[in-house]
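Peer 1: Heads up: the sequence lines are chains A and B, in that order.
Its first residue numbered 1, the first sequence is counted upward by one per residue in the working numbering.
Its first residue numbered 1, the second sequence is counted upward by one per residue in the working numbering.
Note that these hints are calculated values from the structure, not bench results.
All of these numbers come straight from a predicted model, not from anything done at the bench.
Treat the hints with caution; some may be incorrect.
Taking lysine-lysine and the DSSO-like style, the derived pairs with C-alpha atoms no more than 30 Å apart in a straight line are [what the hints assert, rightly or not]: (1) A/283 <-> B/36; (2) A/36 <-> B/283; (3) A/428 <-> B/442; (4) A/36 <-> B/442; (5) A/442 <-> B/428; (6) A/442 <-> B/283.
There are 2 protein chains.
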Amino acid sequence: MNGAESLVRTLLASGIDTCFANPGTSEMHFVAALDKVAGMRCVLGLAETVVTGCADGYARMTGRPAATLLHCGPGLANGIANVHNARRANVPMLNIVGDHATHHRQYDTPLTSDVEGLARAVSHWVHTTESSARVGADGAAAAQAALSPPGQIATLILPADTAWSDGGVVGERLSVPARTAVAPDTLRSIAQVLRSGERALMVLSGPALLEAGITAAHRIAQLTGTHLRAPTQLPRIVRGRGRPAVDRIPYAVDRALKLFSDFRHVILVGAKTPASFFAYPGKPSLLAAPDAITHVLARPEQDVVGALEWLADELGAPRDTRIPIQQAPQLVRGAFDPVAFASTLGALLPENCIVAEDAVTSGRELLSPTFGAAPHDWLQITGGAIGHGFPCATGAAIACPDRKVVCLQADGAGMYTVQSLWTQAREKLDVINVVFANRVYKILHGELLNVGAQPGPASNELFDLARPEIDWVALAGSLGVEARRVEDLEGFADVFKAAAARRGPFLIEFRI
Amino acid sequence: MNGAESLVRTLLASGIDTCFANPGTSEMHFVAALDKVAGMRCVLGLAETVVTGCADGYARMTGRPAATLLHCGPGLANGIANVHNARRANVPMLNIVGDHATHHRQYDTPLTSDVEGLARAVSHWVHTTESSARVGADGAAAAQAALSPPGQIATLILPADTAWSDGGVVGERLSVPARTAVAPDTLRSIAQVLRSGERALMVLSGPALLEAGITAAHRIAQLTGTHLRAPTQLPRIVRGRGRPAVDRIPYAVDRALKLFSDFRHVILVGAKTPASFFAYPGKPSLLAAPDAITHVLARPEQDVVGALEWLADELGAPRDTRIPIQQAPQLVRGAFDPVAFASTLGALLPENCIVAEDAVTSGRELLSPTFGAAPHDWLQITGGAIGHGFPCATGAAIACPDRKVVCLQADGAGMYTVQSLWTQAREKLDVINVVFANRVYKILHGELLNVGAQPGPASNELFDLARPEIDWVALAGSLGVEARRVEDLEGFADVFKAAAARRGPFLIEFRI
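Required output: the full structure, derived from the provided sequences and hints.
Peer 2: Structural data, given as structure tokens:
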């Protein structure tokens, strides 16, 4: 058995059975091994940022890492932006990067590059395999690293000769460390804060936004009046009818500062210290009020849900807390407007669907009007590396073939990873892609004003996407995805309903 | 004057007047400064790998660096693959990467990343500016680094507050070190080799492949019988009627080994030690015969042309050496075949055009049948990071608005950077893009066989680009570029002639 085959068998033994790939020559033995070993599903992406974005979406929905197969330094580099988003979402991912044979590197041939340097910049764990006999053990260690709480980026660099040489040994599945329990002192001290009656805001992330976590947080909130928020960039949240309505911290700094100004205590539950996304001249980076006290209930890698449940019980919150009924979103007619769109979308979202959102300026108002939609999961771009929506939706659809996926994608961002549509067509994935075609990097207009400047001819030249206009219907069609253009909310509703009633990928270009 | 404005003025003072950009919030002050300071041409790319590939093509044709404007770590990462190609071509490039304000980095907000780590992996020079007062001086140092022989990658990281704060000082243009002369001993020793009558092969790269260099090399070759070759991946070569016919070292290892087996001496002229692109089991990496002697006439950063001219004079080679007349390429009819296509292309190439080639398997036979074409420059992917053709052609067209550019692009590789077409449409660039639509990663089939494996269902799944077929005509049209599909050589010739007779971007999908 060669090293490559030992790696495929090791990954399967570690529970990794899905591989998103854009392979090259250095990965040919791994590819050949896939023909020998059954059980690994391989999905091709036409650019590496699609590959890594798919692995992110897959991991968000399964909690398990996918493998990615990338070609040398440039292949890894092309995928780094969505690895960065995945890292910010604390999802597990196992990147396999083929590289030159160990004896070939010294000649510094054209594809030779600093693969380790690139990998270290975005990975929690990096290792270059030294011999075919070590491939299996290294692969098992990579899987262990990826699965270690809260979910990590592991990158295994595989020189071609370690893949092609005989002597491969399958690595045994390694035990994964459990989430550590929160110290009793911490729990008791936060219970005391919550009993104090002082105004408290809990920032929930990671598992605190999934079913068990958000339920426990809601029990606490109902009892104590604690305000619940998700980070501005959240990895995944369960929401819709019957679920607690937890909104995000606003992106706009002034609105965020105003929100926090009301609270004496900020309690972090698997979340980081709230800070503005960017710094702006004369504005603070930290969002909490200057005299507020920030408490850490649980770090991201700790037992976030256990801590929330202990607290809820300790405080005496009833187990069967009633979830307030949210207003059902209504179909709205007329031109695009963020809130009206959100209401319309909320009325249309299929039961148990998955929403992948990278809508940038068009997405700021989406959450609140959709609290009363049918139950669904919402995934969001987490690291600010735009172009996340299309591939995240694609990976989520691979992970959950029985659920409808709705991708909400800004047009400028969507052009980064438009190749994802081809993978959706190839795999016949059940994704409705909505492209917000405002034909401008609208966020940059706003940011230019935020930093105190005024757009002029040169800056408008760099924001404008309308010369030429991108024909999203033709673009999707060229990659095998049926598409329609709509110009108002009623047109959107009609086309969305039709798309939701069928299976397979579809794209709606909403000209706004 | 704020730091951003001082940087724009510094770049202009250093002779850098073209900026390829995909900016984000951190770069807004730089963008705002463009509105205040005249003279900097900005070209928008819809993905960063387009931006950096454009800068590469621009620098290959002008010898001057363009600036790139990239957004934080993920923006840089998205552009790294074509920075890698540029690095391998020894072209100058000045990347400006915006980053968080210095006081904001500590909060590790979503876009925070290891920008320096990413930059170091692909740059010769990396620096993070510390204050607005230093921006100008740092920009001048970056320009100096980029222009230092043989051409370097300089990456300047610009925290947002150093751009927005007052106190900017324009940096003076710094002197650039000249190419160092080759030591007289070296020159004399190689003259002796060339006089010995023993079989010698000169590998020419960098300036040795441009007009003065290739002319001097040809004088030496005519006199001494020295065989001339370009590297398999060459940055730029002047060729066609009236120029010496210098072929590449073959990509296929066995063919390359056979070529070198004839030569007792290998003389490197601005080129690296010839080695196979990849390693293969049981095959050597180095191409020179085991008993051959390798000599370095000039390193890439040395005075390559001066060394060749000294040698030619010293050996007594006539200055007016006659260039052998090459057979004029002929139009061929029928189905696509690499040699027949090359001949047809050679018959059609417009006088003084620029060819940008990233044709992968379809490109292996292009050079020899086009020796007798109209005079032209040929640019090639140099670092193996595919997706180079479209953006390189785009940047070359910006650099040389009066010359027709012909882009020869493999379909799989082209999907990496298809967004380039939009920039071609926006800037009304005079580029004929030829896409070789074989609907498969054909090179991987070959490489799988090279490493001794056989394609099976799983590997074919990862090579196949035909499910669904990509409609390149619709794809180009969706991005504003007129396109036609052809299926045979006579159809290609007709459409190419029509495209060559007009101005503006055009795409020909050649289904092969």
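Peer 1: Give a verdict on every hint.
Peer 2: Each hint, compared with the structure:
no., hint, verdict
1, A/283 <-> B/36, "25 Å, holds"
2, A/36 <-> B/283, "25 Å, holds"
3, A/428 <-> B/442, "24 Å, holds"
4, A/36 <-> B/442, "21 Å, holds"
5, A/442 <-> B/428, "24 Å, holds"
6, A/442 <-> B/283, "54 Å, violated"
Violated hint: 6 only; the structure is consistent with all others.
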